[in-house]
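Novice: Spelled out from the first residue to the last, the chains are:
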Amino acid sequence: MNSEKIVEIKHLSYTYPDGRPGLRDVDLDVFRHESVAILGPNGAGKSTLLYHLNGTLIGNGTVRILGMSVERGNLKEIRGRVGLVFQNPEDQLFCPTVFEDVAFGPVNMGLEKAEVERRVERALETMGLKGFEERSAHHLSEGEKKRVALATVLAMDSEILALDEPTDNLDPGGSRAFIEQIRRIPQTKVIVTHHLSLVMELCERAILMDEGRKIEDVPLEGLIGNRTLLESFSFDADLAQWMYERVKASRVINKSNK
Amino acid sequence: MKHAFLDHHSRIDSPIHRLDAKAKIIVFFAFILVGVSSPPSSFSLFALLAVGLVTMTLVARLPLGHMMKKVLIVLPFIFFVALSVPFIRRDGGEPFAFCGLSVSRSGLLILWNALAKASLGVFSIILLYSTTTFPKLVKGMEQLHLPRVFTVLFSFMYRYSFILVDEVQRMKRARDSRCFGGAWLWQVRTIGHMVGTLFVRSYHRGERVYLAMLSRGYDGTMHVMDSDRFGKKEGVFLLWIPLLLFLRIILG
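Residue numbers (this note's numbering), protein chains in the order written: chain H, 1 to 258; chain F, 1 to 252.
Next up, chain H with everything else stripped away, as it sits in the complex:
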């Protein structure tokens, strides 16, 4: 890929406050308009890596976002560029109404009232949540909460979206609909997940992690074709192959329909 490298991580290590190693010498490059999946068992350091993208965690090594090094001084700038969506929407939605939650980022960026309103409206529309402005988060369904959570970073016009298990806790229908909505968003995406189906629908490349290390960095075809690799991560290689054929076929159908 020839496009611009917008995430550049080199020799990143991180140790949790209790002394457990979280990341060990991880390198990662992400290019503009790419969608990258981060896969791996629980405790592999996937989310920890994701949190480094906007300086929520800062470890040893270099993390550069759009050429800027992630450090205390420019966190505000970085956080405007990288929209982090947490795994649990209850953590992300802390305002009394949906409008205020989605407006929280833009307001902190110091935007004018009219611009904030425009952005909230656009973000909610993108997520199919028009008319939800005055609703309270606790009156929403899980799927709606997830969509509002994504809208809160879309309203910030982030160039990179970092999504932590976006389809976690969703039923199959809700999960499919949400994946479809994520696909329509043009931003660069880094997605932590356990679901191969999501990876096949959204990503061109997968990072496989275990025990804080990056084990493999492969294009999607390479992952599906590599039975040993899939099985070492406890994925069913036959099922993966079958799903991949289906996804490819449905893409062809979609294209011809268009």
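Everything hinted at is true.
Some, not all, of what chain F presents toward chain H, calculated at C-beta under 7 Å:
no.: 1; residue: F134
no.: 2; residue: P135
no.: 3; residue: S155
no.: 4; residue: Y158
no.: 5; residue: R159
no.: 6; residue: F162
no.: 7; residue: I163
no.: 8; residue: R208
no.: 9; residue: V209
no.: 10; residue: L211
no.: 11; residue: A212
no.: 12; residue: S215
no.: 13; residue: R216
no.: 14; residue: G217
Pairs of lysine to any residue residues, derived as SDA-like cross-links and limited to a Cα-Cα distance of at most 25 Å, are as follows:
no.: 15; chain 1: H; residue 1: K113; chain 2: F; residue 2: L146
no.: 16; chain 1: H; residue 1: K248; chain 2: H; residue 2: G222
no.: 17; chain 1: H; residue 1: K113; chain 2: F; residue 2: L144
no.: 18; chain 1: F; residue 1: K70; chain 2: F; residue 2: A118
no.: 19; chain 1: H; residue 1: K130; chain 2: F; residue 2: D13
no.: 20; chain 1: F; residue 1: K136; chain 2: H; residue 2: M109
no.: 21; chain 1: H; residue 1: K113; chain 2: F; residue 2: Q143
no.: 22; chain 1: H; residue 1: K248; chain 2: H; residue 2: P172
no.: 23; chain 1: H; residue 1: K76; chain 2: H; residue 2: A114
no.: 24; chain 1: F; residue 1: K172; chain 2: F; residue 2: L198
Quick caveat, the hints were computed from the structure, so don't treat them as lab data. Even glycine gets a Cβ: it sits at the ideal position worked out from N, Cα and C.
Use these hints to put chain F onto chain H, whose structure you have.
Specialist: Leaving out everything else, chain F in the frame of chain H:
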């Protein structure tokens, strides 16, 4: 899980519900202030305040019986605190005997005073939050320049009270499905563990929420967007203030 214990009635449509939150906050606090500052013997003033509150309840299409029940929930606390006063006080007026106990008249007046003022105050507050959605209430407080710390605290409390209740319910289910029972001491121990777990979980959640706030550019100050909407109707509603002051001066 769905909850409606806080904002059950606040989404009804009525002339009072439609008013701006600031006007309601001011008027209901005026009710409380006038009630609390009046001498205990101004019975007619208390009666008129009660009539005013009941009228507003009816205009707001709120179920009066339900509102009264809510007031009753709070009253026992005040009642038991103030109950001993008539039996302890020794000054003012001739005490009389009741069931073999000597009761002081001024003490009785204090008991009545505490009960009447507490009921009026609680009624006002219940009326306020039953006619105003919580987000609007918080916004109104912000616009009235209440310290930001309070309003932020209120809004977080509102948002996370529901999640806490969910958490407690889940823990209770998990506990009961493992045949909770047995000796009293054992039960207390279990409940103690639950409270501890709840605290730790809330603490961790607090950290995660803070990270989510930081991720969206939070820098320690809560910014709000102003949306003033103080019209003629709010002006008319604020006429309660001169009326209350007038009653307070004439009858108090």
